[in-house]
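I would like the entire structure built from these sequences, with the hints used as guidance.
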Amino acid sequence: MRFYINYDVNIACRVILQEQLELLNIKYKLLPLGGFEISNTVSKESLETLKANLSRYAINVIDDQKNHLFQQIKETIVEIVFEKEKYPNTNISYYLSDKFNLSYGHLASIFSEYTYTTIENFIIIQKIEKVKKLIIEEKLNMTEISYELNYSSVAHLSSQFKKVTGLTPSMFKRIIEKRRQLTNN
Amino acid sequence: MTTIQTPLQVFLADDDEDDRTFFSEAIEDIKMKNKLKLFNDGRDLMDYLFNADAILPHILFLDLNMPYKNGLDCLKEIRANDRFKDVSIAIYSTSSSDEDIENTFIEGANIYIKKPNDFSELKKVIKGVFNMNWQFHLSGLNKETFFFSI
Numbered sequence: 297m298r299f300y301i302n303y304d305v306n307i308a309c310r311v312i313l314q315e316q317l318e319l320l321n322i323k324y325k326l327l328p329l330g331g332f333e334i335s336n337t338v339s340k341e342s343l344e345t346l347k348a349n350l351s352r353y354a355i356n357v358i359d360d361q362k363n364h365l366f367q368q369i370k371e372t373i374v375e376i377v378f379e380k381e382k383y384p385n386t387n388i389s390y391y392l393s394d395k396f397n398l399s400y401g402h403l404a405s406i407f408s409e410y411t412y413t414t415i416e417n418f419i420i421i422q423k424i425e426k427v428k429k430l431i432i433e434e435k436l437n438m439t440e441i442s443y444e445l446n447y448s449s450v451a452h453l454s455s456q457f458k459k460v461t462g463l464t465p466s467m468f469k470r471i472i473e474k475r476r477q478l479t480n481n
Numbered sequence: 019m020t021t022i023q024t025p026l027q028v029f030l031a032d033d034d035e036d037d038r039t040f041f042s043e044a045i046e047d048i049k050m051k052n053k054l055k056l057f058n059d060g061r062d063l064m065d066y067l068f069n070a071d072a073i074l075p076h077i078l079f080l081d082l083n084m085p086y087k088n089g090l091d092c093l094k095e096i097r098a099n100d101r102f103k104d105v106s107i108a109i110y111s112t113s114s115s116d117e118d119i120e121n122t123f124i125e126g127a128n129i130y131i132k133k134p135n136d137f138s139e140l141k142k143v144i145k146g147v148f149n150m151n152w153q154f155h156l157s158g159l160n161k162e163t164f165f166f167s168i
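For the record, the sequence lines run as chains V and S. Under this note's numbering, the first residue of the first sequence carries the number 297, and numbering increases by one thereafter. Under this note's numbering, the first residue of the second sequence carries the number 19, and numbering increases by one thereafter.
Since the hints were made in silico from the structure, they are not lab data.
Derived lysine-lysine pairs resembling DSS-like cross-links, with alpha carbons at most 30 angstroms apart:
| hint | chain 1 | residue 1 | chain 2 | residue 2 |
| --- | --- | --- | --- | --- |
| 1 | S | Lys51 | V | Lys458 |
| 2 | S | Lys161 | S | Lys133 |
| 3 | S | Lys94 | V | Lys426 |
| 4 | S | Lys49 | S | Lys132 |
| 5 | V | Lys458 | S | Lys132 |
Away from chain V, derived, C-beta distances all over 10 angstroms, residues of chain S:
| hint | residue |
| --- | --- |
| 6 | Arg38 |
| 7 | Ser42 |
| 8 | Glu46 |
| 9 | Asn58 |
| 10 | Arg61 |
| 11 | Asp65 |
| 12 | Pro85 |
| 13 | Asp91 |
| 14 | Leu93 |
| 15 | Asn99 |
| 16 | Ser111 |
| 17 | Ser113 |
| 18 | Asn135 |
| 19 | Lys141 |
| 20 | Lys142 |
Output of the computed footprint for chain V on chain S, the stretches with three or more beta carbons under 8 angstroms from beta carbons of chain V:
| hint | region |
| --- | --- |
| 21 | 143-156 |
| 22 | 161-167 |
Small disclaimer: the values here were computed from a predicted structure and weren't measured. Idealized CB from N, CA, C, for every residue including glycine.
The structure is reproduced here in C-alpha cells:
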C-alpha cells in the first residue's frame with residue numbers, strides 16, 4: 297500500500313530538537329526564530345553528542361568562534377548599559393576593543409553580520425530599553441532618568457526615544473498605564 | 019547559547035488586492051530570510067490561526083479596516099489568547115492621530131504603521147519594521163514594552 301505525506305519542516309525541526317535535548321537530559325528553552333538556549337554548564341561531551349545526533353537529520357548547530365564572540369559582545373553591552381554602577385564613565389568602544397583584544401572595526405563587522413545593524417545602534421536600543429524600564433518602575437522622574445543614562449537633557453532623551461520607538465516618553469507612559477488598567481479589570 | 023537561522027514567517031491580512039501586491043514586492047528586498055503568507059480579510063486570518071496545525075507567524079501585519087472582522091477585533095482576539103504571545107503584531111492604518119496610535123498599542127499591538135503614500139516610502143517603512151523587529155528578537159528585549167511607531 298502506498299501512502300503520501302505532507303510535512304512542515306519548521307515543526308519537524310522543532311520536535312527533533314526537543315526530542316534530542318530531552319534524550320540527553322538537557323534543560324532547554326526553544327528560541328522563537330529557531331534555535332535553542334541551554335545552560336553554560338552543560339558538559340562538552342553532551343553538547344558534542346547533541347550536535348552529532350542532530351546532524352543525522354541534517355540539522356547543523358552553529359557553534360563557532362564568531363557566534364560565541366557575537367553573543368559575548370551583545371551580553372557585555374547589555375551589562376554595561378543595565379549595570380552602569382559596575383562600569384562608571386566607560387567608553388564602550390574602548391572597553392569592548394580592550395576586553396576582546398580585537399580592533400573595534402573587527403568587532404563591529406562581526407556584530408553587523410548577525411544583527412544587520414551597528415554596535416552604536418544596538419547600544420542606543422539598549423539604553424532606550426533601560427529608559428522604558430525606569431519609566432515603568434516610577435522611582436525616578438524624567439530628569440533623573442536622563443541623568444542616569446548620560447543624556448545631556450530630557451529633550452535629548454525624548455528625541456532619541458522618539459527616534460527609536462516613534463513615540464514620546466509621555467505617550468509610552470500613558471500606554472503602559474492604560475494597559476495596566478485594562479488588565480486589572 | 020547556540021542559534022540557528024530560520025526564515026521569518028510573515029503574515030499580512032489586508033482586503034485591498036493592490037496593497038497586498040505592493041507589500042509582497044516591498045518585502046522582497048529585505049535582508050532577513052522571510053516567508054510571506056497573505057490573507058484577504060480578518061475572518062480568513064482568524065480561521066487559519068485557530069487551526070491547531072497552523073504555523074504561527076513571527077510577525078503579523080494587520081490592516082485596520084477590513085470587512086467581516088476588522089484589524090482591531092483580530093488584535094483583541096489574538097492578544098486574549100496565550101498561544102500567540104510570541105507573535106509581533108503590526109497594525110496598518112491610514113490614521114495618524116495620536117489617540118488611534120495609543121489605542122492600538124493599548125490593545126496589544128507592537129508596531130503601528132501609518133500607510134505610506136508611495137511604493138518607495140513603503141519599502142523604507144517595511145525595512146524599518148523588519149529591522150526593529152529583528153533587533154527585538156535578537157536582543158531579548160521585553161515583549162511587554164516593545165512598541166514601534168512609524
